[in-house]
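Participant: Single-letter residue listing:
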Amino acid sequence: METALPVFIYVTLAILFGLLVMAVTGFLGPKKPSPEKLAPYECGIQEIAAPKRRFPVKYLLTGMLFIAFDIEIVSFYPLAILLHQLKLFGLLELLVFMAVLMVGYVYVWRKGAFTWE
Amino acid sequence: MFDFMNNPTVALIVATVVKGALLIVILLTAFAYMTLIERRVVAKIQGRLGPNRAGPMGLFQPVADALKMMFKEQMIPSQARAGIYVLAPVISVVVALCAFAVVPIGNNWSANSGVHSIWDPFIGDINVGLLWILSISSLSVYGIVLGGWSSGNRYSLLGALRSAAQMVSYETSLGLALSGVLMWAGSLSMVTIVHRQLDMGIWYICAQPLGFVIYIIAAVAEVNRAPFDLPEAEQELTAGYLTEYAGLRWSLFQMAEYINMITVSAVASTLFFGGWSLFGLTDGIPILSIVIFMIKVAFFLFLFIWLRATLPRIRYDRLMRFGWQVLLPLAALNIVITACTVALGGDRFWWISGVAGLLVVVVMLFAIRRQGILEGTHFSEVETGKPVLPHSVRLVTYEQEPELEQDEDSAPSVSQPPLARNSNTVQV
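Read top to bottom, the protein sequences are chains A and B.
Mapping to full-length UniProt numbering: the first sequence position 37 is 37, numbers consecutive.
Mapping to full-length UniProt numbering: the second sequence position 417 is 417, numbers consecutive.
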């Protein structure tokens with residue numbers, strides 16, 4: 001707690017700074033809105049249709065892959081830190097872990113999840 | 001007068017508030033002058049002058065820019081979701097500032113690793129320091145995605161999506177590359193990692209050359225800098241997620257990007273270049289350690305600018321392939337090499353993993369030159385044999401080129417279909 005307290009204080013300071021800037025943006029500067037000004041930027045032409053709030057499923061797939069791999073990596077950190085003490089046992093454990101991870105990786109690769117068309 | 005400082009908790013809070021405010025001011029100043037330095041350096045590299053009118057050598061340019069930005073009109077586009085639109089830049093910049101909390105900027109004032117004072121030049125030495133930086137900096141994707149999505153503009157949305165996919169893709173390699181350092185250090189605390197490097201007598205770049213290369217590539221992609229600045233690819237997406245932002249809100253996004261750059265550089269110098277240490281030069285003079293740390297960070301910041309001025313932007317499908325199919329396996333290989341050295345050898349055998357890592361880097365460079373790993377993009381060939389650009393980069397439907405046999409005399413250079421260079425083979 002004694003070591004974490006400064007970090008929390010600093011985070012509070014950063015948030016205060018952010019809120020201050022957000023408040024300031026409202027006051028400074030002129031305010032002369034017009035329909036043309038508020039229209040979404042479309043390279044000077046009139047917008048034909050509102051942007052669909054849908055996106056290619058590929059992005060979602062990448063996000064899911066990220067979750068799978070990143071959680072594996074985070075769960076890998078404690079092992080990495082303790083490797084000094086675990087010696088050979090830790091190494092074998094790590095290699096097994098890596099092998100399992102690589103099986104999934106190769107599967108995802110062969111399925112074409114990394115190929116963007 | 002300073003009686004309240006006798007209470008240790010109150011003293012800690014006061015010291016942290018002072019140090020924190022100072023750090024925020026330093027980061028903001030560094031951001032402001034980073035923009036100037038970047039414009040000047042890029043101008044020099046491109047044979048231009050750059051901004052040199054405001055003050056001597058253009059030193060007041062950041063002030064002029066800031067004033068201009070502050071008094072620009074702030075509006076909320078009619079299609080935007082107002083609340084999120086306003087909040088997104090703030091999220092970006094708060095997150096960027098927070099990540100710096102655990103970076104040790106210099107040695108303890110007593111220059112003795114056992115003696116701590118509340119005024120030591122870092123905010124907090126928490127035992128999960130590196131994890132804090134990784135987790136906080138992965139939050140920065142929220143600011144970008146929310147900003148792009150809430151703008152109600154198709155360019156913003158596309159830029160935000162690209163940015164999200166890119167950042168998460170390179171974050172895996174980044175995290176894996178850093179775990180090599182963790183194996184040597186045996187701790188997540190940034191302060192301890194620096195002291196471990198002092199104990200071992202080497203910088204971890206010597207034991208982790210491969211990890212360092214992977215980290216620096218992934219870091220450039222993480223902060224959306226050229227050549228990985230796809231989210232802001234101005235030829236395709238106007239300005240990406242920044243399209244609908246102006247004035248101070250736009251500066252907040254820029255601020256977040258530059259502060260992230262500073263954080264990434266600070267982490268690189270702390271983990272791989274011994275932080276504030278320089279061959280025992282800082283013994284007894286703690287203030288010198290801060291200067292040395294700043295020089296190291298400045299070197300990496302210069303590297304970022306250098307890269308931006310030198311390299312062209314990489315195409316999106318290649319970017320994703322490079323992240324997942326080249327960097328990630330290399331990072332895994334780095335871990336296996338390091339783990340074998342640490343578990344079987346110990347501290348004295350750091351050079352084994354160093355040499356092995358260096359070998360992999362060299363082989364990697366030759367492989368990229370010979371085989372063209374970046375070139376092997378697959379294109380869907382339809383029955384007619386006409387080359388088709390990937391969906392992710394295709395903007396218009398590509399029609400078959402008209403045959404130009406008759407005009408060969410008048411325009412011989414046009415007879416080549418413009419997409420023929422996108423074949424799978426590479427001429428060396």
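The hints are simulated quantities; they were obtained by calculation from the structure and are not laboratory data.
Incorrect hints may have been included.
What the hints assert, rightly or not - Residues on chain A that point at chain B, a partial pick, calculated with CB under 7 Å:
hint	residue
1	T25
2	P33
3	Y41
4	D70
5	L94
Source: prediction; values computed, not measured.
Note that beta-carbon positions come from the ideal geometry of N, C-alpha and C, so glycine has one too.
Participant: So, for every hint listed, does it hold in this structure?
Facilitator: Here is what the structure says about each hint:
1. T25: holds, 5 Å
2. P33: holds, 5 Å
3. Y41: Since the shortest Cβ distance to chain B is 5 Å, the answer is holds.
4. D70: Hint on D70/A: holds, closest Cβ of chain B at ~6 Å, below 7 Å.
5. L94: holds, 5 Å
The earlier numbered hints are all upheld by this structure, with none contradicted.
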